[in-house]
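**Q** Chains W and G are the protein sequences, given in the same order.
Here the first sequence stands for residues 0 to 258, where the numbers follow numbering that gives the first Met the number 0.
Here the second sequence stands for residues 0 to 398, where the numbers follow numbering that gives the first Met the number 0.
Derived by calculation from the structure, the hints in this document are not laboratory data.
Capping the alpha-carbon separation at 35 Å, the derived lysine-lysine pairs in DSBU-like fashion look like this:
| no. | chain 1 | residue 1 | chain 2 | residue 2 |
| --- | --- | --- | --- | --- |
| 1 | W | Lys116 | G | Lys29 |
| 2 | W | Lys104 | G | Lys129 |
| 3 | W | Lys224 | W | Lys82 |
| 4 | W | Lys142 | G | Lys131 |
| 5 | W | Lys224 | W | Lys65 |
| 6 | W | Lys116 | G | Lys129 |
| 7 | G | Lys129 | W | Lys142 |
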Amino acid sequence: MADYASGDIIISVRDVAIGFGERLIIDGLDLDVHAGEVLGVVGGSGTGKSVLTRCIIGLVPKRRGKITVFDQDLDTLSRAEHKAIERRWGVLFQHGALFSSLTVKQNIQVPLREYLKLSEPLMDEIARLKIAMVGLRPDAADKFPSELSGGMIKRAALARALALDPEIVFLDEPTSGLDPIGAEEFDTLIRTLRDTLGLTVYMVTHDLDSLARICDRIAALADGKVIATGTMEDMLRHPHPWLRKYFGGERARAARVKA
Amino acid sequence: MPSGTGACDLSKIAAVSGKSLVPEAQLASKVDGSRLTVALGGAWTAETAGAMEPRVASLIAEGGSPQSVLLDFTAVQRLDTLGGTLVRGIEMAFGARGIPVQREGLSQAAAAIYAEIADGLAEPAPTPAKPKPVIVQGLDKVGEQMVEAGRDLVALVSFFGEVVAAVGSIFTGVGRFRLAAVVNQLDRVAFRAVPIMALITFLIGGIIAQQGIFFFRDFGADTYVVDLVSILTLREIGVLIVSIMVAGRTGSAFTAEIGSMKMREEIDALRVMGLNPVEVLVLPRLMALVIGLPILTFIGNISAITGGAVVAQFYGQIPIDIFFTRMQEEVSQRHVWVGLIKAPFMALIIGLVACIEGMRVKGSAESLGQQTTASVVKAIFLVIVLDGLFAIFFASLGY
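Given only the sequences and the hints, what does the whole structure look like? Please build it.
**A** Here's what the structure looks like:
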């Protein structure tokens, strides 16, 4: 496992195009993610935030361009190398994507069983730790996803994403569907975990509160490109009409007041 | 931006050793005086946890009972929660024997992670409930199954009641008859099933004819194969095969459709809009089955007899015209009705079971699979039981 000092470029996306059928959703997009930061990716519906994320993690093919993660070009990797990279990132899907036939504990242990040879007691111990880390009660371990609330599902899914102590976590709208208190707690949790575990967080979000509260940097997507990156202040000063609308609206003002 | 603390905070070492560094962990112990010093080194991470676990276990086993234990983290380059949990195991094991354990040399990042682990695991693990003896478990299971079977029966009856009530509401004008839905279902249930039903029954008819000819030939009673194929098919095999096929083909589809609608709260959505799910979803399907299954049975009968006739022609040298002439002489029309009258009842059973099981689906994908399986198994079982009851009924009527 290579180590990255804070601020090193850990993911680099260069001139990437992704499309479905005739239409290119993303066209000539460049983006860097720095080690140790919380990057918030924003954009209107249908601008390809999720598609870009899914492309980086290898679920959607790209038409052209280059994506490097941990300084390795994902296209040139062998299967084994790709697998080795995959265990260094964790993904939290929008709706959790917990395996519904497994308990929370078993869900967390899926990657452990797949990649590591550990004894049952140690795996139980690790699952117990992860459950505590994401702020779930210990009795959640033996519950099935259908018995959990929305916020608990997100936490359990985060615990699974963190099972192998990844260096990068991808979060797809982590706070969507949570009440404001739950969303705030989740934001705090992400920040705490980033600080203790040294994670790099790539977060697709619509939640202006999250953007203001925990993102070190924001990347805004529009017209198939990243139109701006920078801090919240940079976004507010940016002249692009979509950004003005997004960050200048009532909801954004309310979020700023709170932040 | 906060400095990148945590597992990655060993940039200097990484810069020297490069990325090709194969992670390795070291564990050494030495006793000086009454104190056991455990020197940890290298990377205590997910990669090395598997290799280190047995060594940690043997350290704990062979550690003896020193006065105190010192965990020396000075040479640890990387620590993550997996490696940390392993190390904490040492601490807990000696701690449980009443031996004080100290830590030293933790870097700031490692200390943060270690604190997180100690914090997370502070609560003792809940002790799993003691499993019951096997005999009790077995009895438990039998009891559960019995209660479950009883509930199934009640559910079937009460669901049938709901269906009757829904039919009643259509006649009284409260509900609405959904012709388009019925026709749509009829297309899926019956029309599209014709090729496969015809093929299967054709083959079954042919097989019965072949077996009949093979054994009747010894008695010189070849032509009785006509009676065998026609009566067996018309009274029993046609409707049975078609019902079993429909239970597998359509019953499973009904369960899966209604089940996945249940999973995604679509059924609840119907309810809150004031629509009765039984009327909207179940009734059209049931009607389509009740209309479609007799039609399929009729087609199946024709197809099976054709199959028998073809085999009789080529295998038994019974010309087709002779086959059909004999069939007209020997087989009375009542055999056709005995078979066909059963079809709507079979349809009702299959449809009811499929829809009930669909409504029982809970949140998980596994439950959907379970209910679909249950739907097909129960439907086929009930179809065969019902067929047996009909056989007794017609026999006692002498029909």
